[in-house]
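> The lines below spell out each chain.
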Amino acid sequence: DGGITQSPKYLFRKEGQNVTLSCEQNLNHDAMYWYRQDPGQGLRLIYYSQIVNDFQKGDIAEGYSVSREKKESFPLTVTSAQKNPTAFYLCASRLFWDSQNTEAFFGQGTRLTVV
Amino acid sequence: QKEVEQNSGPLSVPEGAIASLNCTYSDRGSQSFFWYRQYSGKSPELIMSIYSNGDKEDGRFTAQLNKASQYVSLLIRDSQPSDSATYLCAVNENTGFQKLVFGTGTRLLVSP
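Those protein sequences? They're chains E and Z, same order as listed. Just add 6 to wherever you are in the first sequence, counting from 1, and you've got the working numbering. Just add 17 to wherever you are in the second sequence, counting from 1, and you've got the working numbering.
Wrong hints could be hidden among the right ones.
As the list claims (entries may be wrong) - EDC-like, lysine to aspartate or glutamate: derived pairs with alpha carbons at most 16 Å apart: (1) E:K15 to E:E30; (2) Z:K19 to E:D65; (3) Z:K84 to Z:E20; (4) E:K77 to E:D60; (5) E:K76 to E:D60; (6) Z:K59 to E:D44.
Simulated from the structure, these hints should not be mistaken for lab results.
Construct the entire structure; sequences and hints are all you get.
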């Protein structure tokens with residue numbers, strides 16, 4: 007089955023720890039995105055990538071880092087510099103990075119909680 | 018940052034009625050619009066995309082686009098309790114890299 011797989015589904019982080027959220031897609035999509043969702047709020051863009059070894063900061067990139075070493079993988083690291091990381095993290099992908107008329111599909115999400 | 022506005026709701030409708038969800042956007046250059054459904058605790062699921070002015074129908078769902086008024090809507094006919102969810106409007110920001118900007122969503126409650 008083609009799709010986007012995020013892991014883990016739930017993640018608990020201690021203060022001062024870095025944690026990495028996994029996102030893998032087998033749709034052969036060019037573009038990949040990370041969004042953050044807080045209760046009662048819309049999705050806010052953290053980072054996005056159009057091709058391997060290239061990625062751009064979104065609207066709330068501070069305290070996060072990403073890599074895109076393979077087309078199918080776009081992991082997100084939440085660093086200790088992110089002061090309020092508790093949120094629902096969503097990974098998405100689109101077939102083309104430069105076409106408007108391309109639908110985005112989401113993984114199942116990772117719920118991160120600071121303990 | 019371009020803006021996408023939605024009424025947070027909740028919008029309450031009885032089973033079998035038509036639910037009307039609305040979205041306005043600020044970027045006049047936007048050409049592509051998407052509606053997602055999100056159940057509580059789950060990820061967004063694409064319902065419809067619309068690229069041209071007018072109506073686009075898919076089963077019980079109809080998306081309506083009016084670029085002159087910068088307005089896009091979603092109609093759900095014969096609403097079912099299973100339609101109870103938050104509906105997110107997404108607008109493609111027409112820059113070099115096509116980014117999606119999301120509204121905060123409208124919560125829909127369909128009562129039996």
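> Confirm or reject each hint.
To see whether the hints hold, each was checked on the structure:
no. : hint           : verdict
1   : E:K15 to E:E30 : 13 Å, holds
2   : Z:K19 to E:D65 : 11 Å, holds
3   : Z:K84 to Z:E20 : 15 Å, holds
4   : E:K77 to E:D60 : 10 Å, holds
5   : E:K76 to E:D60 : 10 Å, holds
6   : Z:K59 to E:D44 : 13 Å, holds
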